[in-house]
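Top to bottom, those sequences are chains X, F, V, R, D and G.
Numbering of the first sequence is given in the working numbering, commencing with residue 3 and proceeding in unit increments.
Numbering of the second sequence is given in the working numbering, commencing with residue 20 and proceeding in unit increments.
Numbering of the third sequence is given in the working numbering, commencing with residue 20 and proceeding in unit increments.
Numbering of the fourth sequence is given in the working numbering, commencing with residue 20 and proceeding in unit increments.
Numbering of the fifth sequence is given in the working numbering, commencing with residue 363 and proceeding in unit increments.
Numbering of the sixth sequence is given in the working numbering, commencing with residue -12 and proceeding in unit increments.
The set of hints was computed from the structure by calculation and includes no laboratory data.
The reader is advised that the hints may include incorrect statements.
Claimed, not checked - If you anchor each label on the Cβ, the simulated ranges turn out as follows: (1) K416/V with W143/R: 48 to 54 angstroms; (2) R325/X with P83/G: 46 to 52 angstroms; (3) V51/X with S498/D: 31 to 37 angstroms; (4) G415/V with P488/D: 44 to 50 angstroms; (5) A173/X with S498/D: 56 to 62 angstroms; (6) S435/D with A173/X: 27 to 33 angstroms; (7) P174/V with L116/F: 19 to 25 angstroms; (8) K66/X with P83/G: 51 to 57 angstroms; (9) A55/X with G41/V: 40 to 46 angstroms; (10) G278/X with E465/D: 49 to 55 angstroms.
Claimed, not checked - With a Cα cut of at most 25 angstroms, we get these calculated BS3-like pairs of lysine-lysine: (11) K37/V with K452/V; (12) K168/X with K146/X; (13) K514/D with K172/X; (14) K99/V with K232/F; (15) K397/D with K112/G; (16) K458/D with K175/X; (17) K323/X with K99/V; (18) K517/D with K504/D; (19) K66/X with K112/G; (20) K516/D with K443/D; (21) K138/V with K277/V; (22) K66/V with K140/F; (23) K21/X with K384/V; (24) K230/F with K253/V; (25) K172/X with K516/D; (26) K37/V with K138/V; (27) K142/F with K315/V; (28) K516/D with K246/X.
Said to hold, decoys possible - Chain X is faced by these chain R residues, among others (derived, beta-carbon under 8 angstroms): (29) M72; (30) L76; (31) M186; (32) L187; (33) V188.
C-beta atoms are modelled at their ideal positions from N, C-alpha and C, and glycine is treated no differently.
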Amino acid sequence: MKMFTVSGSPHIHGENSTKKIMYGVVIALVPAMLVSIYFFGINALRVLVLAAASSVFFEWLIQKYLMKERVTVSDGSALVTGILLAFNVPSNLPSWMVIIGALVAIGMAKMSFGGLGKNIFNPALVARVFLLISFPVAMTSWPKPTPLTKGIADVITGPTPLGIVKEGLKAGKTMSELRPELPTYMQDFIGNMGGSMGEVSAIALILGGLYMLWKKIITWHIPVAMLTTVAVFSGILWGFNPEKYADPVFQLLTGGMLLGAIFMATDMVTSPMTHGGQLLFGFGVGLLTILIRLWGAYPEGVSFAILLMNSVVPLINRGFKPRRFGDNPGVKIKA
Amino acid sequence: MDNIILVSVLVLGGVGVVSAVILYFVASKFKVYEDPKIDEVEEVLPSANCGGCGFPGCRAFAEATAKKASEEHNLDGLFCPVGGNDVMKKVGEVLGLEIEEQEPMIAVVRCNGTYENSPGKVKYEGVSSCSFAHAMYTGEGGCQYGCLGLGDCVDACEFDAIYIPEDRGVPIVKDNCTACGACVEACPRDIIELRKRGPKEKRIYVSCVNKEKGAVAIKNCSVACIGCGKCEKVCEFDAITITSFLSYIDFNKCKLCRKCVEVCPTNAIWEVNFKPRKIKLDKKEDKKDGDGKAKSVAKEEKPIDIKSGKVTEVKNNPGGNRE
Amino acid sequence: MGLLKTFRLGGVHPPENKLSAGKPIETLPLPKQAVVPLGQNLGAPSKPLVKRGDEVKVGQLIGVGESFISANLHSPVSGKVLKIDTVLDSSGFRRQAVIINVSGDEWMDNIDRSTDIVKEIPYTSEEIINKIKAAGIVGMGGATFPTHVKLMPPPGKKAEFLIINGVECEPYLTADHRVMLERGEELLIGVKILMKALNVNKAFIGIENNKPDAIENLSHLAKDYGDIEIVPLKVKYPQGGEKQLIKAVVNREVPSGKLPIEVGCVVQNVGTTLAVYEAVQKNKPLIERVVTVTGKSLKNPSNFLVRVGTPVKELIEAAGGLPEDTGKVIGGGPMMGKALLNTDIPVVKGTSGVLLMREEEAHRKPESACIRCSKCTYACPMGLEPYLLSRVSKLGKWDVTEKERIMDCIECGSCQYTCPANIPLLDWIRLGKNKTGQILRSRNKK
Amino acid sequence: MNQMQNFTKGFLKENPVFVLLLGMCPTLGTSTSAINGLGMGLATTFVLVMSNMVVSLVKDFIPDKVRIPSYIVIIASFVTIVELTMQAYLPSLFESLGLFIPLIVVNCIVLGRAEAFASKNGVWSSILDGLGMGLGFAFALTLLGASREILGSSSVFGFDFAKGDLMLVFILAPGAFIVLGYLIAIINKLNKA
Amino acid sequence: MGSKKESTFKNMVLTLLVVTAVAALALGGVYQLTKEPIALAKKKKQERAIKMVLPPFDNLKTKKVLSYDGGDSLLFTYAEKDGKLVGVAVNSYSDKGFSGHIEIMVGFLPDGTIYNTAVMSHKETPGLGSKMTDPSFKDQFKGKNPSEFKLKVKKDGGDVDAITAATISSRAFTDAVDRAYKTFKKELKK
Amino acid sequence: MEYFVIIVGSIFVSNIVLTQFLGICPFVGVSNRLTTSIGMGGAVLFVLTLATMVTWLIQYYLLVPFGLQFMQTIVFILVIAALVQMVEIILKKVSPALYEALGVFLPLITTNCAVLGVAILTVQKQFNLLEGAVFAMSNAIGFTLALVIFAGIREHLDTMEVPKGMRGVPIALVTAGILALAFMGFTGMVK
Ligand SMILES: Cc1cc2nc3c(=O)[nH]c(=O)nc-3n(C[C@H](O)[C@H](O)[C@H](O)COP(=O)(O)O)c2cc1C
Ligand SMILES: Cc1cc2nc3c(=O)[nH]c(=O)nc-3n(C[C@H](O)[C@H](O)[C@H](O)COP(=O)(O)O)c2cc1C
Ligand SMILES: Cc1cc2nc3c(=O)[nH]c(=O)nc-3n(C[C@H](O)[C@H](O)[C@H](O)COP(=O)(O)O)c2cc1C
Ligand SMILES: Cc1cc2nc3c(=O)[nH]c(=O)nc-3n(C[C@H](O)[C@H](O)[C@H](O)CO)c2cc1C
Ligand code: SF4
Ligand code: SF4
Ligand code: SF4
Ligand code: SF4
Ligand code: FES
């Protein structure tokens, strides 16, 4: 007689899979990858490939030989982490530092907690902050973009727009004095400015974000809450004193703001589970980012802000529950 | 020069004395009594915090014993199954009481529906939880009383005393069982029972819990109890009763004469830790070659050294999902 | 069609696969032997009134529902009672059933077997309910809750609306769809009867937009019946869940742990309504129902009118035989249905379909780690957090499951359907519901 | 118990830092380099040995209610002695250890040993216990300090492996937690094996 | 443990009294003993620093001088050799460090040229700001006369090469040197 | 502004647990559950503030006048120990409910570096009494903040399958390390 399978319902499964989600993110990252290779040349490619390959390799190594469990590197999450790590470092970072970054991201921030889905902090950002603090010099010398079309020029390093503003204001200059030193908004938008690889081109990042929204990989809540907070908060300060504070458009387009908002704060593993919680999370990231940018020692605050908010995600998840069915009956219920 | 030493002595001494005085008064004024015996009892307990005693932890058990001892001067109904008589004796000593011995018990799995005896009729796919499967269907072998083999009991055991051999799919209890009863609680089908270990670990029991009519029972499992009543008749000590086609041996009455074992047509009655006797190849016994082995199982099975961590993974649903 | 009504929270949209939608209802030949389980309804099983060797006629009372929540049982065939024994039924367990050897097709005399449509409803509310009770009607939408109980709101509660569930949101199933197309007139009379029984003057029939022909047919017919409104709904699973349906149709939410009557609603399935018509107007007890037999490899997916007690293998035979590659047989739809252990299992009052899944569809994909994507939370129509519920169920934290409202779960499976990590969420949640329910019950007893 | 065991158990099996998880603050705070760790460890060892000795000597004369305050006073005295002596003769080490010298007083190991061991045992075993525990503590601090120094500035005990710094994090606060975390994981594994 | 003292009031107070008294006695003693060495150690550090930042001398005189901007007063140590002023060591500070206060000592030749500098105390980050104790940074001040060497980091338009990635500490160091120089000038004018 | 600097400085910039390394034992030990960590935080807030104020008074009215600063450690710890014990005894009697909530943590607090550390730091930083109290309170809040965040994380980790070797203290410390890494973002906000 035929042996049937028995199992609980449901008996069918949708199209979603972890793999699809992760490779969807990779696809969304392609435009930004191309832009960064265009502006930073072969070096960008080196860092990208190295970071991605070593992330995947470390995950494989740890799963196979340390944790001795089913190897799931093919799900693509390590690849995403690797690419995002590459996006968060300057394209001229020495190779061995990139490899250390991958080891920190995968080994420390992800696998120590048990692997995909169990980590508290965003692995790529842990690695970035780790590198930033470990190698302050290498991590803050940003190559100037030299478009591929103009041949392979010497790598000249220079400060990021945020660095220029931070230093300038500290030195007592005003925003209008600094403006000529800064790239134009158009340059910000296209990506023709100094910075880490992934944070330079607003348009490419937004394109990727739209793709992920369309594919339902992310929802709008975190990016919108975060960017709105930044715009409003920096807008108020700017309106208050435009010479002392940079304008909101500048704040939104520079640094890792968009990369963070679209690709890193949205990492589902390390962000809250409900829309309400996500709005709060985005708000917190935005607020902390601006606080750190304006008053902290670092010119850039997105990474820290996201990590700080990552740490309170378990608390947010406790407080923010989905709207339960039945709590608003829509009609008076007799006791 | 001596001045500084003098001042130090005065100041520090002063601070010390003032603290002492204040503390003394505060302490005597706000006194709360706690029985020091509780700590002493807790110290002799095994600190397994398994809850086998029925209290939420060793400390709670210690409190309960101290209270009962001081109020009623006995410890009736309080027993630490893990520590057993030795520990209870010590507890008694601490509390100044005599403790009656309780006969040692062991968990017994009353099902022999192995892959061989009760071959699968469907394939189960789902979580490794007997409780879940119990609510869903009969079980792969088709017996709706029998073991589901997903190891809730194994997960429940704090002592690594029960495991499911890969080729059997039905658990086996090891000798280090402390009779804490956690597995009994965990099994949704009430298959596991705490029984007396018996003299020299010898015990006899019916390894089946199927309450269906014999014909149905035997269809799903070749070693099921069919309620034929032969054992009941042969038992001279009234130890066996049959209710809803299922035989049960009262371990308080059973004298381990082994007569019932011989008459059982389906080999549903197990004798454990007896010397293997000459197997009379009569009736159905020749049908199954491993009969002697199957019956005197506990001692023989013990050497199967499956690493403790591994046991939980041994499930009879190869396709099942378990993290 | 503009913005269609639907419920707001959660929901998924699995491929519809309504293979048998265009197949008219066919009457299946009688089986040789009918196996009639005594526990076909939610609540206590019926008590058998016959014994081995008794001769029975079609429609003869063979089991009686004695307790408050239980139902009568009638013989679906005529013949001789072979025995009363345990058989494996669709519950997955062996339970008591009356086994009848069929001979001929002899009906009880009081049953009106003509096809005339009787419009007049000369009965009072009480009479209607008594007739329904006598006919052993239970909910045919899946829950098999005795219908007469639903029609008697507890003291102090009053029904405002009757909502007929014509949603059939489960993929593959088309039985209700066909009933709405072919038996529209009788259905509407059934609605009228139920309205009268409940003493309400507004009824809605909720139908998903993927059945435009049914919507059209009923809208057309309903013109003659005043207070019955046909509500087209956006396609979204599990709209057929009564709480979701109520939300979609009248925008009310049944509070946690409460019944629809709390917000003045009573929901009945299309098939149930038809059965009510037949019981009240034609004295015909619930002995047969429409069952969809379907599956991607099945030669001839069909809708059959089947006597209760017919083994499903006869349905499968009639639809072209069991395909070689069948890996799983499901009683019901793919989202809520129960896997059947074999094909000897009989059709019961609650069997809405038999779905044959091919071997390659029959297996779950391997589970991986939860990536906390929240998709399950977004999909849950009850606003629960399935990832959390399943995790704490697995860990046995019953206080948390209770606090997180595990008992609200309607077991729709939307969460598990969506989960990208293929986690058997609903398995664990069911386990959690079982345990939590036990704890709640024992606490209530105290 | 065997006297030798009183001494050796502090190193791995009952290491106060890795296994008993006591005295975490000085462990993390003063292990920026191997030499600092060693200094702190030895200072603590001195206090441990001396206070263990004194406590075991006077244990019978102290009423229960003031047991803890008395022990604390005894310990604090030795801490102050260390503090003053270091200030006088090892000023630079004193400066880099800073606040953590007075905090030896509240190091759970010291009071814990006084309470759990010295108040129940004889002088000799108490001294050995203190010495063992103290050296175990010093061992842990030195190990941690050395790891952090090697990772952080590629040098240890003044010996440079490479020019310049390596990974600064390891000298800063986060590195302390991280290195200790992994060290404990490794030691757990070793102890189990 | 039978001989253990009862927890009576008298016993408790007495015990504590005795314990604290003995402790105090011991401590007082040690304090007396280490008082001198401690002071000596402090003095030695100061002297060692002076020796480093000034040319050889045989006599020292100290004086407190109010900072040029009215901040905390600075300690001036006048060094003489054979009765002739060979240099002045100024204990200066800045609060602009990355982690707040830093203290340095600057040695000036009588003409205002910086002879050498020494860091007395700082809390800057190890590996970053702490590099200001490295010769590679410090030595650029050697032999410079602030009248022609602009005491500001290059980023701020001065002549001082900042430590990579530690401009703030460099700035603070420069600020402290500047403070010393300005106060020195002001004091010399008097 | 003074106070603002003290408050922000002690809660975020140089968080007592994550950058000063004080009170690590309870941080690791009592942060398993959210409720207990809040209880601990409350107890620390109370004792820390009280102890800092009392030791401040002792420092400036007893030790300084007599030139006995070298006895700071011994006097402070004695006073703190007595204080904690007193609070414990009184609480047990007066409010058993509060004692249930806080009491279990009180003995832990005596040997908590945070209390003695903050008392000494207050004196070192030459705060006046009010500043000292604010400093103590902010530090206690900083402690509670770290503890609560951490408890949230650990409760969450409890439901996860952390690899065997890392389970418990190791992963807690690594988490604390990453948290400290994140807190470095606050560097430079106030000095
Ligand atoms: C214990 C119990 C009591 C019920 N009582 C009533 C009732 O008094 N009135 C009513 O309208 N429905 C009642 N119901 C029926 C439910 O509301 C619901 O219609 C039934 O469970 C089937 O719904 P489903 O298929 O969505 O699960 C009851 C159900 C249960 C389980
Ligand atoms: C997830 C879910 C989906 C359901 N889908 C349907 C459906 O498509 N059609 C239907 O008639 N009943 C469906 N039901 C059952 C209804 O909730 C409800 O029990 C029924 O409409 C009540 O009518 P009855 O008592 O006549 O069956 C569903 C229940 C659940 C929980
Ligand atoms: C943890 C940490 C510690 C730092 N410590 C110092 C420091 O001690 N001194 C300093 O000047 N900069 C320090 N910085 C760097 C400053 O934040 C700032 O980036 C730098 O001074 C800018 O100068 P640059 O233009 O030389 O890069 C530190 C940064 C971090 C993240
Ligand atoms: C939308 C999205 C964003 C992600 N962002 C990150 C990221 O910022 N950093 C990272 O390491 N991994 C990221 N991942 C990959 C993956 O979730 C991450 O490795 C997990 O945190 C590992 O458990 C992202 C994945 C998705 C789907
Ligand atoms: S086998 Fe059962 S009774 Fe025996 S120790 Fe394990 S759980 Fe307890
Ligand atoms: S709990 Fe154990 S004995 Fe019970 S069904 Fe599961 S595996 Fe079998
Ligand atoms: S099965 Fe339960 S938890 Fe899952 S989506 Fe449906 S109602 Fe929600
Ligand atoms: S859908 Fe699956 S992977 Fe996503 S949160 Fe829910 S359980 Fe986790
Ligand atoms: S050593 Fe600091 S609290 Fe224990």
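Verification of the hints:
1. Taking 48 to 54 angstroms as the suggested C-beta distance range, the pair K416/V and W143/R conforms, at roughly 51 angstroms.
2. In this structure the supplied range 46 to 52 angstroms is violated for R325/X paired with P83/G, their Cβ-Cβ distance being about 40 angstroms.
3. Under the hint 31 to 37 angstroms, the C-beta atoms of V51/X and S498/D, about 36 angstroms apart, fit the expected range.
4. Distance hint for G415/V and P488/D: a CB-CB separation of about 48 angstroms, consistent with the stated range 44 to 50 angstroms.
5. Checked against the given bound of 56 to 62 angstroms, the beta carbons of A173/X and S498/D, roughly 24 angstroms apart, lie outside it.
6. Between S435/D and A173/X the C-beta distance comes to about 29 angstroms, which sits within the given range of 27 to 33 angstroms.
7. For P174/V and L116/F, the hinted distance range of 19 to 25 angstroms is not satisfied, since their beta carbons lie about 58 angstroms from each other.
8. For the hinted restraint 51 to 57 angstroms between K66/X and P83/G, the CB-CB distance of approximately 55 angstroms keeps it satisfied.
9. A C-beta distance of roughly 54 angstroms is found between A55/X and G41/V, which places it outside the suggested range of 40 to 46 angstroms.
10. The hinted window of 49 to 55 angstroms between G278/X and E465/D holds, with their beta carbons roughly 52 angstroms apart.
11. Restraint check: the Cα-Cα separation between K37/V and K452/V comes to about 31 angstroms, which exceeds 25 angstroms; the hinted pair is violated.
12. With a C-alpha separation of about 18 angstroms, the suggested pair K168/X and K146/X falls inside the 25 angstroms cut-off, and the hint holds.
13. Note on K514/D and K172/X: the hinted pairing holds, with a Cα-Cα distance of about 14 angstroms set against a maximum of 25 angstroms.
14. Pair hint K99/V plus K232/F holds up; C-alpha atoms about 23 angstroms apart against a cutoff of 25 angstroms.
15. Simply put, K397/D and K112/G have alpha-carbon atoms about 23 angstroms apart, close enough for the 25 angstroms limit, and the pair holds.
16. For the proposed pair K458/D and K175/X, the alpha carbon gap of about 18 angstroms is at most 25 angstroms, so the pair holds.
17. Taken as a hint, the K323/X and K99/V pair is broken in the structure, with Cα atoms around 59 angstroms apart against an allowance of 25 angstroms.
18. For the hint linking K517/D to K504/D, the alpha-carbon distance of about 20 angstroms falls within 25 angstroms, and the restraint holds.
19. Among the hinted pairs, K66/X with K112/G is inconsistent with the structure: their alpha-carbon atoms are about 53 angstroms apart, more than 25 angstroms.
20. For the hint pairing K516/D with K443/D, the CA-to-CA distance comes to about 37 angstroms; that exceeds 25 angstroms, so the pair is violated.
21. A C-alpha spacing of about 35 angstroms is found between K138/V and K277/V, which places the hinted pair above 25 angstroms, so the restraint is violated.
22. As the CA atoms of K66/V and K140/F are separated by approximately 31 angstroms, the hinted pair breaks the 25 angstroms bound.
23. Distance check on the hinted pair: K21/X and K384/V sit about 13 angstroms apart at the alpha-carbon level, within 25 angstroms; holds.
24. For the suggested pair K230/F and K253/V, the alpha carbons sit about 50 angstroms apart, so the restraint of at most 25 angstroms is broken.
25. Straight-line distance between C-alpha atoms of K172/X and K516/D comes to about 14 angstroms, which keeps the hinted pair within the 25 angstroms bound.
26. Proximity of K37/V to K138/V is assessed by CA-CA distance (about 32 angstroms); at most 25 angstroms being required, the pair is judged violated.
27. With a CA separation close to 21 angstroms, the supplied pair K142/F and K315/V stays within the 25 angstroms bound.
28. Under the criterion of a C-alpha separation no larger than 25 angstroms, the hint pairing K516/D with K246/X is consistent with the structure, at around 22 angstroms.
29. Annotation: interface hint on M72/R violated; nearest CB of chain X at approximately 42 angstroms, more than 8 angstroms.
30. With a cut of 8 angstroms, the hint placing L76/R at the interface with chain X is violated, because the nearest CB-to-CB distance is about 47 angstroms.
31. Interface restraint check: M186/R against chain X, minimum CB-CB distance 4 angstroms, threshold 8 angstroms, status holds.
32. Satisfaction of the interface hint for L187/R is found here, the shortest Cβ-Cβ separation to chain X being roughly 5 angstroms, below the 8 angstroms cut-off.
33. A cut of 8 angstroms between beta carbons decides the hint on V188/R: the least distance to chain X is about 5 angstroms, and the hint holds.
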